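Letter by letter, the chains look like this.
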Amino acid sequence: MSDITAPKLVRVPTWRRALEGTPWRRFVILAGLALAWELYARWLDNALLLPTLGATLSALWSAVLSGELPNRALTSLRVLITGYALGVAVAAVLTTLAALSRWGNEALGLLTSMFNPLPAIALLPIALLWFGVGTPSLIFVIVHSVLWPVALACYGGFLAVPPTLRMAGRNLGLSGGRFVAEILVPAAFPQILSGLRIGWAFAWRTLIAAELVFGVSARSGGIGWFIYTSRAQLETASVFAGLLTVILIGLLVEGVIFRSLTRITVQRWGQVQT
Amino acid sequence: MNVAPRLTGLVGDTASPALLELDHVSISYPTPDGILTAVEDVSFKIAAGERLVLLGPSGCGKSTLLRAVGGFLKPSAGELRMNGRRIGAPGPDRMTVFQEFDQLLPWRTVLGNVRYALERGKSMPRRDAEGIARRWLERVGLKNFVDAFPHTLSGGMKQRVAIARAFALEPALLLMDEPFAALDALTRRQMQDELLKLCEETGNTALFVTHGIDEAIRVGTRILALTPHPGRLAATFDVPPETRARGSSGFGELERRIQETVFSAPEVDHV
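So the sequence lines, in the order shown, correspond to chains A and B. Residues 1 to 274 in the numbering used here are what the first sequence lists, from first letter to last. Residues 1 to 271 in the numbering used here are what the second sequence lists, from first letter to last.
Hints listed in this document are in silico derivations from the structure and should not be mistaken for laboratory results. Please read all numbers here as calculations on a predicted model, not as lab measurements. All C-beta atoms, glycine included, are put in the ideal place defined by N, C-alpha and C. The reader is advised that the hints may include incorrect statements.
Partial chain B-side listing against chain A, Cβ under 7 Å, derived [stated by the list, open to error]: (1) Ser26; (2) Tyr29; (3) Lys74; (4) Pro92; (5) Phe98; (6) Glu100; (7) Gln103; (8) Pro106; (9) Arg120; (10) Gly121; (11) Gly155; (12) Ala235; (13) Phe237; (14) Pro241; (15) Phe251.
Let's have the full structure, built from the sequences with the hints guiding it.
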């Protein structure tokens, strides 16, 4: 057969591409929000209810400099990552079983419909009974908050894999775990990725909430505890600094980790529109 | 390439030269309204080196039959045998080229798709697989696109990759499920010619499913016509090599004969 040649492409100037991108619009929105906060707080003039943005930032800065906030954040992140990894691993095992057998399929369907609507915080009393106050309890509730949404998204993704692609894989003699790992998982990656995102957000929320509940008794708490103690001492600016830290870490994970993961996988493979 | 068709694992006592044998095969599946019989009591054989075309209108069960040969479906009655052995699971000895463009793995490049198929289907080490994959992609005219991802290719190019992948694995039997049905008329015509050339060069045995009479005459050495609801064999036509050329008197004559025998209503021409 004769060779097909590639079409010629013209490069778009850099400034035009920068203008097309989203970052500068986001920056403008963010600046607007910051300005609104600052002006409203000045007008309100009540540092106990709403400190100004400036006061919040300086509280954040001194908490960072003293090393307290980084330590708290690190404690939270350590627990969070452990729980998240465990939750994703269990979800992977469950969905693999569900993809390979009818019993596994029914079991996953039943379990997710039972446990997915159950708020992780509602399990905290049980966790305290079983594991006592401390990290294991936190990890238990985080695993619960991650496991079901991730499993649901994975499994939904598996079901949406086109039958032709499944047949193309089986045609090569693939079956079992290899079929799941090399055909179903990459084919369902857009859904799996959004499941991982949702799982991450759920894990964060659960952790901060659980830390707030634990706050009183735990000796070395995370960011949730930082927020809790700051409120107890009526340092509202530090409460906001703690909240800002939660938001910043969330933005960082979303903007750096998940966005790069999306770019090098599903966007490159043409499974989602850029 | 292999010019001689390979005949491995022939069972001695059957003494049949058939590579594939369908023995009173019926296929039915459950639907919400009851059991639907898609194919009823179909028997035929394919000898090595033959290119058999299953021709018929939609609903005649031709794709269902092909899926059963591929091992993706089980017959409800009868038996399918390959080299005398009952067909079980799907396998790379029966590589299928599907109609749908999503048969390629979107997360692998053009080269990666063919190489991966060789690595898994033939348990080949990566370097050998890569060499063979490159050669086949060059053969189907895609040497400038080896590093492209499938979503950047046109429909015709995707089908070329699928064809290269299927031929690269040197299957004993090549299965084609209306591979050109979703292409535009010009591309389809070109692909038919190029496929014919590849088949003749490799001597590959093939089972081809189509609803286009002209496509059937163009690519097949023998045509089995099916009638729908349920799918049954209606007639067999041999295609002599000199008939295969478009515009030859034999081509038009055979086209008319098939039309009269199989399709009672005049069919809309596709090309």
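For this structure, which hints from the list above don't hold up?
1, 2, 3, 11, 12, 13, 14 and 15
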